[in-house]
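Asker: So the sequence lines, in the order shown, correspond to chains A and B.
Per the working numbering, the first sequence starts with residue 1, numbered consecutively.
Per the working numbering, the second sequence starts with residue 1001, numbered consecutively.
Hints in this document: simulated from the structure, not taken from any laboratory.
Here a beta-carbon is modelled for each residue, glycine too, at the ideal position from N, C-alpha and C.
There's no promise every hint is true.
[Claimed, not checked] Here chain A is said to cover these stretches of chain B; the calculated rule only asks that three of the stretch's residues, wherever they fall, bring their Cβ under 8 Å from a Cβ of chain A:
1. 1032-1038
2. 1056-1064
3. 1081-1089
4. 1101-1113
[As the list claims (entries may be wrong)] Pairs of lysine-lysine residues, derived as DSSO-like cross-links and limited to a Cα-Cα distance of at most 27 Å, are as follows:
5. K48(A) with K1023(B)
6. K22(A) with K1023(B)
7. K92(A) with K1023(B)
8. K92(A) with K48(A)
9. K1017(B) with K88(A)
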Amino acid sequence: MSENATAHQDDGHASLIIDNKKLLMWLFLGSDCMFFGTLISTHLIYRKLYPESFDPTTLFSLELTSFSTFILLMSSFLMALAVSAMHKGELKSFRRNVLGVIFFGLIFLGCQVYEFAHFVHAGLTLSTNTFGSTFYMMTGTHGVHVAIGVFWLICMYFYSHTGKMDAHESAVDVEIAGLYWHFVDIVWIVIFTAVYLIEFI
Amino acid sequence: MSEADYHPLPIAAESNKNSETEKYHTFVNLALGLAAITGVELVLVYLPFNEIFIFSVLLSLSLFKFVAVIAWFMHLLYDKLLLTLAFGTGMAIATGTFIALGSLISRSNVDMDAITSF
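Work out the full structure: start from the sequences and follow the hints.
Answerer: Below, the structure is given as C-alpha cells:
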C-alpha cells in the first residue's frame, strides 16, 4: 500500500473517532437535561395547580433578569472564542477569553444572590409556599451549576500558567468545559422564558 | 514546558486556522442575534397583544436561542451524529416528561383537598 493510501485510510479512521471525554460529557448533559426538565416541570405544574398562591410579578424584576440573560449569553460567546483560540493554539487569547467568561459568570452569580436576597427580604423563602420551594430549588440548582462552571474555568486559567498544557489534550479539555458552560446557558434560556417572561403575559 | 514551547496540533495548521476564523464571524453574528432576541423578548411581554400570540412568539424565540447555542456555540452542527443522539435522547425524555406531567396533572384531576391537608 502506498504512503498516500495509508494516510488516507488513517484520515478515514480518524474521522470516525469520537473522544471518550467528549462523548461522556454529552451523555452527562443529556442526563442533566432530564434533571432540569423535572425541576422546571415541577415548578410549572405547581404554578398551574396553585395560581393564586403567589403573584411573582410583584417581586420579579424583568430588567435585572434580562440583564443576567444577556450576561450569560455573552459569556457563552466568549467561551466559544476561548475554545476556538485553543484549537488554534493561541494560549494568550484563550486566557483573555476565559477571564471574560469567569468575570461574566461572577456577575451572573452576583445578580442571582442580589435577587434571592431581595426575595427573602420581601418574605419569599424556601418554605413560604410551593412557589418559593420550586423557584429556589430550580434557580438555585442552576446557580450551583454556574458556580461549578466558574470554579472549573478558574482552575483551567491557573493551569494554563503552569506550562503543562498539551495542545491536543487541552483543546479537548477546554472544549468539554465549554460544552458544560454552554449547557448552563441554554438551561437559563428556558428558565428565563418559562419562569420569568410567561408570568408577565 | 514553557509558553514558547507551546505548539498546536500539526493538523491545526493553516486550514484549521481559516475554519476557526470563519467560525469567529459566525459566533459574533450569533452573539449579536441572541442579544437582540433577548431585547425583543423583554419588550414583547409589555406590548398589548393577544396572550396566545405573545406566548407563541416567546416560545419560538426561546426555541431558536436554545437550538442556536447548541448548534453553533456547542459545535453540534460540526460534530458527529452520535453526539447529537446522546444529547437528543436526554432532551427527548425531558420534553416527554414535561408534556406528560403537564397534561396529566391539572386542577380537575388532582384532589386539591388531599394535597392541601398536609
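Asker: Of the hints given before, which are not true for this structure?
Answerer: 5, 8
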